[in-house]
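Enquirer: Chains as they are written, first to last, in my numbering: chain G, 1 to 201; chain Y, 1001 to 1083.
Take the hints with a grain of salt, since some may be wrong.
As the list claims (entries may be wrong) - Residues on chain Y that point at chain G, a partial pick, calculated with CB under 10 Å: (1) Tyr1012; (2) Asp1016; (3) Leu1022; (4) Asp1025; (5) Ala1028; (6) Arg1029; (7) Ile1033; (8) Leu1048; (9) Asp1049; (10) His1052; (11) Gln1053; (12) Arg1055; (13) Pro1063; (14) Glu1075; (15) Thr1078.
Stated by the list, open to error - Listed next, the in silico SDA-like pairs over lysine to any residue satisfying Cα-Cα at most 20 Å (straight line): (16) G:Lys66 with Y:Lys1010; (17) Y:Lys1045 with Y:Pro1020; (18) Y:Lys1045 with G:Phe174; (19) Y:Lys1045 with G:Gln181; (20) Y:Lys1010 with G:Gln181; (21) G:Lys183 with Y:Gln1053; (22) Y:Lys1045 with G:Gly152.
Simulated from the structure, these hints should not be mistaken for laboratory data. For every residue, glycine included, the Cβ atom is placed at its ideal position computed from N, Cα and C.
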Amino acid sequence: MSDTSTQGGRRHSADFETEALPHMDAVYRFALRLASAPDAAEDLVQETYFRAYRAWDQYTPGTRCKSWLFTICRNVYLRQRERSQRHDEIVAREAGEDPRAASRDAPTWVSSLGRDPEKSFFDSFVDREILEAIDGLQEEYREAVVLSDVEGLPYQEVADLLGVPVGTVKSRLFRGRRQLQQKLYEYATTMGYIPAAGGEG
Amino acid sequence: MIPCEEAMEKLYEYLDGELPDLEADEVARHFEICVNCYPQLAFEKAFLDALHQAREGTRAPEPLRGRVLELLEQEGFTPSTGG
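Bound conformation, chain G alone (with noise of 0.2 Å):
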C-alpha cells in the first residue's frame, strides 16, 4: 500500500476537482462531436473521468489538463469503435500531403455573397447548422477542427493529442476548414439564406 492515506486521497480529490472537473463541458463537446449520440457521448464522458481519476497519478498538476482529458476520451471513442467493427477508415493518407498544393484563396463562392460577406453569411446560421455541418466532416478533419477551431488549442497540444506532426494538423485544418465552408455555403443556399453562385445575369 503507497501513498493512500485519507489524507493523501484527500489531496488527489482536490486536484482532480480543480484541474480535471471544471472541463466536464469541454469532455462532453467533443465526445459529442466525436460519437454524435448524446447517449453515447455521456457514456465516453463518463469512462474518461473514470479513468482519469484511476490514472490521476500519472498526469503532471498545472499542464494542459484538457488536451489530456481529450487524450483518454478519444483513446476510449477509439477502442470502444474497434470493438464494435465500425470500420470507419481513418485514412492516414493525407499524412505526406503537403497543405500548401491546394491554393490558400477563398473559395471562389465567396465573391458572390456580395458585399459584405463575413456578417451576412456566417450570421445566418444558428450553432445548430454549424455544429451538424462539423459532424458531417471526415474524422481526421473533424478532429483537427474540433480541438483546434471549437476547443481552441494550440496546433502543438493537437499534435500530441492526434500523435500526429505538427503539419498534418495544418493539413487537417485547411482541408476540413474549406470542407465546412463548402458544406456550409451548400446548405445556406439549399436554405435560401444565400442565393445560389453563378445564377447572376
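Starting from the known structure of chain G, fit chain Y onto it as the hints suggest.
Expert: Structure of chain Y alone, referenced to chain G:
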C-alpha cells in the same frame, strides 16, 4: 511589404495565433494595406469566430455531472462541500 501569396499562405497560422511575433506583424501589416487580401482575412476570421462561438450553447447535462461524481466517489473521490 510581404507579397500577397505569402500573406495568404500564412493567413490561418496568423489567425490561429501560431506565428512568431515578427511574422505576425508582417502579415498584419499586409492585410491592413492590401485591398485584395483584406476581404479574405475578414471572411476567414468570421468563419473561425462562428466555429468558436458554436460551442457556447453546449454544456454537459446536470444528470451526467451527477453520474460522473457518483462514479468517482465509488473510486474514493471526495468532493469538497462546495462552501
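Enquirer: Need the list of violated hint numbers for this structure, in ascending order.
Expert: 3, 4, 5, 6, 7, 16
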